[in-house]
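Trainee: Here's the letter readout for the chains.
Number of protein chains: 2
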Amino acid sequence: MLITSENNDLIKKIKKLKDKKGRYEEGMFFVEGTTNVLEALKSDFEIEYIVMGEGVKIDIPKGDFEIVHTTERIFKKISDTVTPQMVMAIIKIPKYVENTYIKEKGVYVIADNIQDPGNLGTIIRTADAFGVSAIFTINNCVDVFNPKVLRASMGSIFHIPVIAATSQILLKLKQRGIKVFATYLKAQKLVHECNISDKVAFVLGNEAKGVSVVDLVDDFVKIPMTGEAESLNVSIAASIFLYESQRQRLIKNN
Amino acid sequence: MLITSENNDLIKKIKKLKDKKGRYEEGMFFVEGTTNVLEALKSDFEIEYIVMGEGVKIDIPKGDFEIVHTTERIFKKISDTVTPQMVMAIIKIPKYVENTYIKEKGVYVIADNIQDPGNLGTIIRTADAFGVSAIFTINNCVDVFNPKVLRASMGSIFHIPVIAATSQILLKLKQRGIKVFATYLKAQKLVHECNISDKVAFVLGNEAKGVSVVDLVDDFVKIPMTGEAESLNVSIAASIFLYESQRQRLIKNN
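If you read the protein sequences in the order shown, they are chains A and B. Residue numbering for the first sequence follows my numbering, starting at 31 and increasing by one per position. Residue numbering for the second sequence follows my numbering, starting at 31 and increasing by one per position.
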């Protein structure tokens, strides 16, 4: 099918998915580009449509979704990028059951009111690389299905559950014996001096205001900085904690 | 002085500074926001002008520069942000003498054709935090004085030299006994298994194409990834190398 009118119902629906309100009203989101679409196809996510530019040919494995084409002009209007790759997947927002992802071991990330989509996307990509069990977003964090988050996450949302939760999630993790960490510039302990190999959750605070759930944190650690910069970008702090945790696991298992 | 015309020579000059060509023609760049401007004032950089919005009052220490005001409408035209903080400093591009910054010890970063301004800015901020000696940009890397690089660097370019160079810089570093590292997904050695505490340079490659100066790299290391993500963002890879180097220094000196 080739859609040539902007008034087509599917086109109007996709346009709504750029905004959080529209995404949750429709229960859907989209990803763009060949890599992301192929990652989506390999995953358990339910794909509703694959939309391609007119004349675009990509080998798409058969599945329970509809493949539609539209003109380059219309594709540019539904895309979130300036120079779209002319392929997108329209996907159902997954219904994660929070409790399924809380175990008595593993490494967890809590994104506490992270506002920059690039930061959240990079955190998801890094958490995926280091084998994190689940990411929970709390306190009005930027929506994980925001197109800019998805772009920075480079397909990792199809590998790792990212679940919208409340700060209660921290209590649930603590009840299972998971220790909750956060960074603090004036903390006494350095991150590599703490055992963070497993059974840990790491809270990442808002870019300007820091961690809001201070009372729920079990231990504060410091990333050793010797230069003049006063702080690190939140996705950088996350990567250092997750790398250090990974390094400790490798040494323990050797 | 209050500038009310867009045809004012200074305003026309500042507008040119948004583009690399204009910056190097004028030999100047600008930073925006109170934090950046105050960091610039504390540094050795030569400030030519401080430009503020009409009615904006900020305590600026005395110095060899001119303070000018302009209307909000004109400020918005010279600013690189959508909601400007209404203060900027116009600064001379420093003339770094490359050889001054090559020593027989220290940690160096080589940004090899990094294209995303946010990535380079974050790398500069992180390198500053971990006490890196100098950053060299090679092979058509995004310009360090690009407003988006400066925004992400959070004032760190006033603490750490970032020097435009050629790949010859690697030969010079190697002659001084500095060992050149890069990451490689198929490398045998993990980053924490190598001694990278000092006398190391770390090459960061282009976001899509990777490292171009492969022949000049002494050793390839792998960041231990156990998840499904195939790679890390380049600023994340940088932060892990620099953190690991810092951790090793702390342990050695303890």
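Just so you know, the hints here were simulated from the structure itself, not pulled from any lab data. Since we're looking at a predicted model, the values are computed, not measured. Where is the CB? At the ideal position from N, CA and C, for every residue including glycine. Check each hint, because a few of them may be wrong.
[Said to hold, decoys possible] Result set (DSSO-like, lysine-lysine): computed pairs, CA atoms no more than 27 Å apart in a straight line:
id : chain 1 : residue 1 : chain 2 : residue 2
1  : B       : K87       : B       : K122
2  : A       : K46       : A       : K133
3  : B       : K178      : A       : K106
4  : A       : K282      : B       : K87
5  : B       : K204      : A       : K282
6  : B       : K216      : B       : K204
7  : A       : K209      : A       : K178
8  : B       : K252      : A       : K252
9  : B       : K178      : A       : K178
[Claimed, not checked] Facing chain B, a subset of chain A residues (Cβ under 8 Å, in silico):
id : residue
10 : G83
11 : G85
12 : V86
13 : D89
14 : I90
15 : P91
16 : P147
17 : G148
18 : T152
19 : S186
20 : H222
21 : C224
22 : T256
23 : L262
24 : R277
Trainee: For every hint, state whether the structure bears it out.
Mentor: Quick rundown of the hints versus the structure:
With a CA separation close to 24 Å, the supplied pair K87(B) and K122(B) stays within the 27 Å bound. Simply put, K46(A) and K133(A) have alpha-carbon atoms about 36 Å apart, too far for the 27 Å limit, and the pair is violated. Restraint check for K178(B) and K106(A): satisfied, since their Cα atoms lie roughly 25 Å apart, inside the 27 Å limit. Between K282(A) and K87(B) the CA atoms are separated by roughly 57 Å; this puts the pair beyond 27 Å, and the hint is violated.
Among the hinted pairs, K204(B) with K282(A) is inconsistent with the structure: their alpha-carbon atoms are about 35 Å apart, more than 27 Å. For the hint pairing K216(B) with K204(B), the CA-to-CA distance comes to about 24 Å; that is within 27 Å, so the pair holds. As the CA atoms of K209(A) and K178(A) are separated by approximately 31 Å, the hinted pair breaks the 27 Å bound. Only pairs whose Cα atoms come within 27 Å are accepted, and K252(B) paired with K252(A) is accepted, the gap being roughly 25 Å.
Under the criterion of a C-alpha separation no larger than 27 Å, the hint pairing K178(B) with K178(A) is consistent with the structure, at around 17 Å. Of the supplied interface hints, the one on G83(A) is violated, with its beta-carbon coming no nearer than about 21 Å to a beta-carbon of chain B, more than 8 Å. The criterion of a C-beta within 8 Å of any C-beta in chain B is not met by G85(A), whose closest approach is roughly 25 Å, and the hint is violated. Evaluation of the V86(A) hint against chain B yields a violated restraint, the C-beta minimum of about 21 Å exceeding 8 Å.
Taking 8 Å as the C-beta cut-off, the interface hint given for D89(A) is violated, the closest approach to chain B being about 20 Å. Among the interface hints, the one on I90(A) is violated; its C-beta lies about 21 Å from the nearest C-beta in chain B, farther than the 8 Å criterion. A cut of 8 Å between beta carbons decides the hint on P91(A): the least distance to chain B is about 19 Å, and the hint is violated. Hint on P147(A) is violated. Least Cβ distance to chain B is approximately 12 Å, over the 8 Å limit.
Look at G148(A): its Cβ gets to within about 7 Å of chain B, closer than 8 Å, so that hint holds up. Nearest Cβ of chain B to the Cβ of T152(A): about 5 Å, under the 8 Å cut. The hint holds. The beta carbon of S186(A) is positioned within 8 Å of a beta carbon in chain B (closest approach about 5 Å), and the interface hint is therefore held. Given the 8 Å rule on beta carbons, the hint for H222(A) holds: about 5 Å separates it from the nearest Cβ of chain B.
With a least beta-carbon distance of about 13 Å to chain B, the hint placing C224(A) at the interface is violated under the 8 Å criterion. For the restraint placing T256(A) at the interface with chain B, the shortest Cβ-Cβ distance is roughly 4 Å, inside the 8 Å limit, so the hint holds. Among the interface hints, the one on L262(A) holds; its C-beta lies about 6 Å from the nearest C-beta in chain B, closer than the 8 Å criterion. Taken as an interface hint, R277(A) checks out: its beta carbon lies about 5 Å from the nearest beta carbon of chain B, inside 8 Å.
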